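Chemist: Here is what each chain is made of, one letter per residue.
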Amino acid sequence: DTAVSQTPKYLVTQMGNDKSIKCEQNLGHDTMYWYKQDSKKFLKIMFSYNNKELIINETVPNRFSPKSPDKAHLNLHINSLELGDSAVYFCASSRFSGSTGNEQFFGPGTRLTVL
Amino acid sequence: AQSVSQHNHHVILSEAASLELGCNYSYGGTVNLFWYVQYPGQHLQLLLKYFSGDPLVKGIKGFEAEFIKSKFSFNLRKPSVQWSDTAEYFCAVTPKAAGNKLTFGGGTRVLVKP
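For the record, the sequence lines run as chains A and B. Using my numbering, you'd call the opening residue of the first sequence number 1 and step up by one each time. Using my numbering, you'd call the opening residue of the second sequence number 1 and step up by one each time.
By construction, these hints were calculated from the structure, which means they are not laboratory data. Predicted, not measured: the structure shown is a model, and the values here were computed from it. Glycine is no exception: its CB is placed at the ideal position from the N, C-alpha and C atoms. Heads up, a few of these hints could be off.
What follows is a set of in silico ranges between Cβ atoms, one per label pair, in the way DEER data are often shown [as the list claims (entries may be wrong)]:
#	chain 1	residue 1	chain 2	residue 2	range
1	B	SER14	A	ASP18	41 to 51 Å
2	B	THR30	A	THR59	34 to 44 Å
3	A	VAL60	B	ASP54	30 to 40 Å
The list that follows gives simulated cross-link-like pairs (lysine to aspartate or glutamate, EDC-like), each with its CA atoms no further than 16 Å apart [what the hints assert, rightly or not]:
#	chain 1	residue 1	chain 2	residue 2
4	A	LYS40	B	GLU88
5	A	LYS22	A	ASP70
6	B	LYS101	A	GLU58
7	B	LYS101	A	GLU53
8	B	LYS49	A	GLU24
With the rest of the complex left out, here is chain A (with noise of 0.2 Å):
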């Protein structure tokens, strides 16, 4: 059984089109996470929802939305993509841990290629 499943694991698309990539977690977990890894490896937080709420909102450009319909879900939905956003978009989970800590549970990626 997967724990944190992402779809599709690979999208290729033009500049300037718009996409969606799906994330769900079967952990029981309240709080879901985008990352962002670039070519040089670096990863860096962009999104953490909490029981469907925003609680962490890093730099990032507009036409980057999350949606939480529910705890198990995240999606994030790019616009107007550019060649900069090629990348490899992790989503994660954990329970929320507000000062003690908790481990986070990563899925296998969605690697974005913008032509």
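We have chain A already, so just place chain B on it with the hints.
Modeler: Using the frame of chain A, we list chain B on its own:
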């Protein structure tokens, strides 16, 4: 804001050699610390974590890490590596005051030659 630096970008070693990867963080308060591993073509997996208590923590696959508070360091070690340890290793930190915000280091690519 916190930051994490990993000193080695690439490490090449032979099987049975010992491995030590450096990790230093910058943050004024107390933190939780993690090491994640990313095998080729796979997602990130947790190797080990430190929240409190014994500063020497043991993780999966024979890895361990030591938290030295005075040096703001959390170095990863393995006494004898195997070819299957070839992977990218990431150190990460969250402030205890904001336990969800995970900040990663730049990663260290480890290649173990058979």
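Chemist: If a hint holds in the structure, say so; if it does not, say that too.
Modeler: Each hint tested on the structure:
{"no.": "1", "hint": "SER14(B) with ASP18(A): 41 to 51 Å", "verdict": "holds (49 Å)"}
{"no.": "2", "hint": "THR30(B) with THR59(A): 34 to 44 Å", "verdict": "violated (25 Å)"}
{"no.": "3", "hint": "VAL60(A) with ASP54(B): 30 to 40 Å", "verdict": "holds (38 Å)"}
{"no.": "4", "hint": "LYS40(A) with GLU88(B)", "verdict": "holds (11 Å)"}
{"no.": "5", "hint": "LYS22(A) with ASP70(A)", "verdict": "holds (12 Å)"}
{"no.": "6", "hint": "LYS101(B) with GLU58(A)", "verdict": "holds (10 Å)"}
{"no.": "7", "hint": "LYS101(B) with GLU53(A)", "verdict": "holds (15 Å)"}
{"no.": "8", "hint": "LYS49(B) with GLU24(A)", "verdict": "violated (24 Å)"}
In the structure shown, a violation is registered for the earlier hints numbered 2, 8, in ascending order.
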